[in-house]
Structures are given as C-alpha cells and as structure tokens.
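Visitor: In terms of the numbering used here, the sequence shown opens at residue 1 and continues consecutively.
Treat the hints as calculated values from the structure; they're not laboratory data. Do not take every clue at face value.
[What the hints assert, rightly or not] Derived pair list, reagent style DSS-like, types lysine-lysine, alpha-carbon separation capped at 27 angstroms:
# : residue 1 : residue 2
1 : Lys258    : Lys452
2 : Lys258    : Lys247
3 : Lys259    : Lys245
4 : Lys258    : Lys245
5 : Lys259    : Lys452
6 : Lys259    : Lys247
[Stated by the list, open to error] Label pairs and their computed distance ranges (CB to CB):
#  : residue 1 : residue 2 : range
7  : Ser346    : Leu78     : 33 to 39 angstroms
8  : Tyr432    : Leu78     : 26 to 32 angstroms
9  : Val227    : Asn3      : 49 to 55 angstroms
10 : Met449    : Arg422    : 38 to 44 angstroms
The structure displayed is predicted, hence computed values, not measured ones. Think of the CB as a built atom: it goes at the ideal place given N, C-alpha and C, for glycine as much as any other residue.
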Amino acid sequence: MRNITTILVIAAGTFLVNLDASIVNIALPTLCTDLGASTQDVAWVVLIYLCALGSLLLFSGKLGDALGSKRIFITGFLIFSVGSLICAYAHQIHIMYLGRLVQGIGAACIMANFGAILLQNLPSDYIGRAFGLNTVLGGIGYAMGAPLGGWLIHSFGWRWIFLINIPVGIVAIIASVIYLKKDQTGESEPERFDLYGLFLSVIAVTLFLLILTRGFGESIFSAPYAVAVIIFLLCTMAFVRQELKTKHPLLEIPLFLKKGILACIAANMGFVIVLSGLNFLFPFYFMEVLQIGVGRTGFFLMFFPVVSIAVSPLAGYLADRFGPKTVEVRASALAVLTTASFYFFSPDISSALIIIIFIGFGIALAMFFTANITLFMSNAPADRAGMFTAVASSGTTIGAALGVSIFGNFLETSKGSAILSRALQIDSGFHYAVFLATAFALTAFGASMISKSGQPSLPEEEHKL
Numbered sequence: 001m002r003n004i005t006t007i008l009v010i011a012a013g014t015f016l017v018n019l020d021a022s023i024v025n026i027a028l029p030t031l032c033t034d035l036g037a038s039t040q041d042v043a044w045v046v047l048i049y050l051c052a053l054g055s056l057l058l059f060s061g062k063l064g065d066a067l068g069s070k071r072i073f074i075t076g077f078l079i080f081s082v083g084s085l086i087c088a089y090a091h092q093i094h095i096m097y098l099g100r101l102v103q104g105i106g107a108a109c110i111m112a113n114f115g116a117i118l119l120q121n122l123p124s125d126y127i128g129r130a131f132g133l134n135t136v137l138g139g140i141g142y143a144m145g146a147p148l149g150g151w152l153i154h155s156f157g158w159r160w161i162f163l164i165n166i167p168v169g170i171v172a173i174i175a176s177v178i179y180l181k182k183d184q185t186g187e188s189e190p191e192r193f194d195l196y197g198l199f200l201s202v203i204a205v206t207l208f209l210l211i212l213t214r215g216f217g218e219s220i221f222s223a224p225y226a227v228a229v230i231i232f233l234l235c236t237m238a239f240v241r242q243e244l245k246t247k248h249p250l251l252e253i254p255l256f257l258k259k260g261i262l263a264c265i266a267a268n269m270g271f272v273i274v275l276s277g278l279n280f281l282f283p284f285y286f287m288e289v290l291q292i293g294v295g296r297t298g299f300f301l302m303f304f305p306v307v308s309i310a311v312s313p314l315a316g317y318l319a320d321r322f323g324p325k326t327v328e329v330r331a332s333a334l335a336v337l338t339t340a341s342f343y344f345f346s347p348d349i350s351s352a353l354i355i356i357i358f359i360g361f362g363i364a365l366a367m368f369f370t371a372n373i374t375l376f377m378s379n380a381p382a383d384r385a386g387m388f389t390a391v392a393s394s395g396t397t398i399g400a401a402l403g404v405s406i407f408g409n410f411l412e413t414s415k416g417s418a419i420l421s422r423a424l425q426i427d428s429g430f431h432y433a434v435f436l437a438t439a440f441a442l443t444a445f446g447a448s449m450i451s452k453s454g455q456p457s458l459p460e461e462e463h464k465l
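Could you build the full structure based on these sequences and the hints that come with them?
Guide: Structure follows, in structure tokens:
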C-alpha cells in the first residue's frame, strides 16, 4: 500500500505539469479578450512555460542530486502553486508571463527529480510498474487538459484553470513530507554549482526551443532567426567545453557517452518526434481531408492516448518481469508497423480500421515509453539519478518541440499546384509526413536494439514472453 501511495504522490507532479502544458491552450482565445492581448502575445503564454521548463531541467536535476531530490521536488510543488496563483489573478498579459515563468521553474524542479525519487523510495522489482503508473497519471493530466479546461472556463471562468492547481499542490506537498523517504544527499554543495554552465545551458535550450516553435516570428529567414541560430551554436559549443573542463559540471557528459545510454536517449526522442508530429497533423487530416467534424475527430484521437493509459501498468509489470530491454525492442517493432499503417489512411478508410490502427499505436507507445524510461534509469548511479531524470525529461521536451516543428512544415510546404484544393494539399503532406515518421520510427527501433540496461540481465529463460 505504501508503494502505491508513494507512486501517487510522485505522479501528482507529472499530472500537474502535463495538465498545465495542455489546459492553457483552450483558454488562449479567452485570454486575448480578457487581457486585451493579441494572438502573438498569448502565444508567449505557452512559450514562456515551455522555455522555463526545458532550460532549467538540468540545473534542477543537479540541484536534486546535491541538496536532495525530495527537497527540490517539494519545492517544485510550492513554486508551481505560487505561479498558478499569479496566473489566476493576472489582470494584464505581462503578469501572466511572470506567472507562467514561475510555473515553468516549479515544473522543472518536479520533472527533473521524479525518477530519482522513484528509485530511492521503491524496491527494484517495482520500478517498471512505478514508471508505468506514473505514465498513466501523466497521460491523464495531458488528456484532461482540453475537456477540463473547457468545462472550468464555461462554468467558472478561465482563472479557475490555474486555481485548481493550488489544492492539488498543497495536498502533494503534505503527502510528500509524510510518505517520501528522507533524502540521501550527495557531497556537492550549492557554491560549487556550475553557474557559468547553467547560464550557457539556459540560453542555448531557450533559443533552441524558440527557434523550433517560431518564437521569433513567422519567417525562418529573418535576421532575428539568423542571430538566434548563431548564438545558439556558440552557446552550445561553449557549454560542452565548460562541462568537460569544470570540476563540478551541471551535466557530466562522459556518463552519457556510453553506446547503450545514447541509444536509449535516441530511441526515446525518435518516438517522441513521431508521436508529437503525427498528433499535430491528425486533426487537420481528419477534419479537412476526411471531412469529419470536431466531435468525431476527438472521438478517434481519443483511442491511442486512452489505450496508452490503460496499457501502461501492464507495460510496467512486463518490464519488471521480463526486463525492460525485451519489452522495449518488441514494442518499438510494433510501433514501426503501426506508424507505417497510417499511410493507408484515405477518404475511403473505414472507422473500424482507423480505431484498430490507433489501438495498436497506443499499445506500442505505452509499452515502449514505460520500458525505455525504466531501462534508461537503470543506468543511473544513485547519486546522479536527478541528472539522469533531467536528461530524460529534456530529451522528451526537445523531441516534442522537434516533432511539431518538423511535421508542421508539411502543412505549409506541400502546396502542390495552385489548382489543388487545401484538402488535397493536406492529404499529400500527411502521407509524406507518415513516410518520414516511419523513417524516424525505424531509426528509433534500431536504437532500441542497441540500448542497454545498467542492471544485470535476467536469466535467458526469463526473457521469453
């Protein structure tokens, strides 16, 4: 029972972070009206949160390793709740920006340390199930964003999409204090933190995310984009040089240069790119090519996240029972097949076939992501679990931004002949995107074959599913 309670406490953080990554989107048109902001202004409500989260993950993981993952995890809830309060009572767009920045800082503290806390608080034969259940509740948080946000805005007003975070945060803080084990901190001290590396990483990751999400405007050939790319490259090179020479690096690069660990990261990013990219394109394809209304589109798109949520606990059990490498490889093979199956989407496709493909896609991704994070974290030294969690979360954040950026271009570049209808243009772009997605999936499958656990392998007879 204590194990389940511990997982629920930890998953509350993933739930909140994912909920606020999606719930705010449905409020953007309302924010334009109530805060007197333009569409470009409210886009920064999303971008600021994303940049704060992505750029501070490494620092938050290092902070957890030095001061204690439990302490930073609880601090993350506190900061996130304060940010939610600022957002809820914002009366102008700049106050909203401040609140979202504070939320992003809290989210980074939570997401960079949840894996370390799972490893510290649970027996080794329970880790796979823990990551699986954490994936379930995180997925529920993301999936609930649009419907919960729509209901709150309609019934109580947009401020309640932020106020609802506060009681959840308070309960999570109290439960964390009671149920999580006392921190076993490392030998690092705050004054030894690599502040120069932190500065370089924040600038590099922020610029990278803004470049991918078009935070500098519409044209990628504009002067701000060119300057941003140059600064990003210079900061990245300087960061790598700094981390290799300093005695107390923010990111211990040699730890992640092993082939098996790099393969874990590559496989995860590959399938995150596939998922986020296709998920971005599906609504356009269903509504404009298949001519399906928003209600039925939501019905179809519900299947693969719901299936993923349902299957994740089983995926965790299988990872514990047969080893995460076995589950990861087989799940990635299924993911390749289901990704390629989207190529058969056409105006003549039956509803039953759409549902079958989405169910297969959901099962494959649930199995893969649960096994992948379990495999990756098995390589983490006890005093570097926060750093490993931060790297895993950073890879997911960057992969999601890459997916939307890369696959979003297929809606713009596949214009074809001027006489083609928009539906035909989107249909053509979608099928080219599926071809590219399959290539990414194949690459990720190859990486999963190379990935390696940090724990001893199970006896050969136990690998058989």
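Visitor: To test your reading of the hints: which numbers does this structure violate?
Guide: 7 and 8
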